[in-house]
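S.K.: The lines below spell out each chain.
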Amino acid sequence: KAGVTQTPRYLIKTRGQQVTLSCSPISGHRSVSWYQQTPGQGLQFLFEYFSETQRNKGNFPGRFSGRQFSNSRSEMNVSTLELGDSALYLCASSFWGAENTEAFFGQGTRLTVV
Amino acid sequence: SQQGEEDPQALSIQEGENATMNCSYKTSINNLQWYRQNSGRGLVHLILIRSNEREKHSGRLRVTLDTSKKSSSLLITASRAADTASYFCATGRRAGGGADGLTFGKGTHLIIQP
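Taken in sequence, the protein lines are chains P and S. Counting along the first sequence from 1, when you hit position 64 you're at 94 in this note's numbering, and nothing is skipped either side. Counting along the second sequence from 1, when you hit position 13 you're at 173 in this note's numbering, and nothing is skipped either side.
Rather than coming from a laboratory, the hints here were simulated on the basis of the structure. Quantities reported herein were computed from a predicted structural model and do not represent experimental measurements. There may be inaccurate statements among the hints.
Straight-line distance between alpha carbons at most 27 Å, and here's what the computed BS3-like set of lysine-lysine pairs gives [what the hints assert, rightly or not]:
no. : chain 1 : residue 1 : chain 2 : residue 2
1   : P       : 43        : P       : 87
2   : P       : 87        : S       : 266
3   : S       : 229       : S       : 186
4   : S       : 229       : S       : 266
5   : P       : 87        : S       : 186
6   : S       : 266       : S       : 216
7   : P       : 87        : S       : 230
8   : S       : 216       : S       : 186
9   : S       : 230       : S       : 186
Go ahead and model the full structure; you've got the sequences and the hints to work with.
M.R.: In structure tokens, the structure reads:
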């Protein structure tokens, strides 16, 4: 069974631009959650989608948004990029939410803002 | 925000020895999951232990959970060079009508010396 697929793997963007990252979960999984990983803050929860509905959102500004499609694929968008948004963005897929079942992660998208 | 802390922050042992990492957390949980990460790549799921379980095994891995002390430990037996990585614990809990994603510790960096 295919794992979690994130695209693209690497991105370089300029301050002020916006970016869209994509995540395809494991087949059959309805929950997709997103995390930001930086050396200073570690791994932080961004938001989770379950059956196209956002279930919860972490403590991030409104520039960070996401959505989930009917096939469970998810995208996250960051608008008006700042240097501090440079990070590894990871998505996780689970059958019934990470608080209930195993959450499996993709390889991540490394975003560099210059 | 970080749920808890892994201890130690870094651990260096000889190949063949056992490695033990500890994780503490602050709130009540549904489950606790351990992950491995190699050099800033994606997180590999190792094991999930539920709040009503005390111990689980998977191959060379043994995880314990003590909810009264809000702590968990990961034991890797007969370590190999390929076990060199960062190890994270992550807690999952229900919050209100939904969930607030996985909350990660800061990780233990394990180095296996050949």
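S.K.: If a hint holds in the structure, say so; if it doesn't, say that too.
M.R.: Hints and how they fare:
1. With a C-alpha separation of about 24 Å, the suggested pair residue 43 of chain P and residue 87 of chain P falls inside the 27 Å cut-off, and the hint holds.
2. Proposed proximity of residue 87 of chain P and residue 266 of chain S is supported: the alpha carbons are some 20 Å apart, at most 27 Å.
3. Taking the CA atoms of residue 229 of chain S and residue 186 of chain S, the gap is near 9 Å; set against the 27 Å cutoff, the hint holds.
4. For a cut-off of 27 Å, the pair hint linking residue 229 of chain S to residue 266 of chain S stands: about 19 Å separates their Cα positions.
5. Distance check on the hinted pair: residue 87 of chain P and residue 186 of chain S sit about 20 Å apart at the alpha-carbon level, within 27 Å; holds.
6. Straight-line distance between C-alpha atoms of residue 266 of chain S and residue 216 of chain S comes to about 22 Å, which keeps the hinted pair within the 27 Å bound.
7. Only pairs whose Cα atoms come within 27 Å are accepted, and residue 87 of chain P paired with residue 230 of chain S is accepted, the gap being roughly 25 Å.
8. Straight-line distance between C-alpha atoms of residue 216 of chain S and residue 186 of chain S comes to about 21 Å, which keeps the hinted pair within the 27 Å bound.
9. Restraint check: the Cα-Cα separation between residue 230 of chain S and residue 186 of chain S comes to about 7 Å, which is no more than 27 Å; the hinted pair holds.
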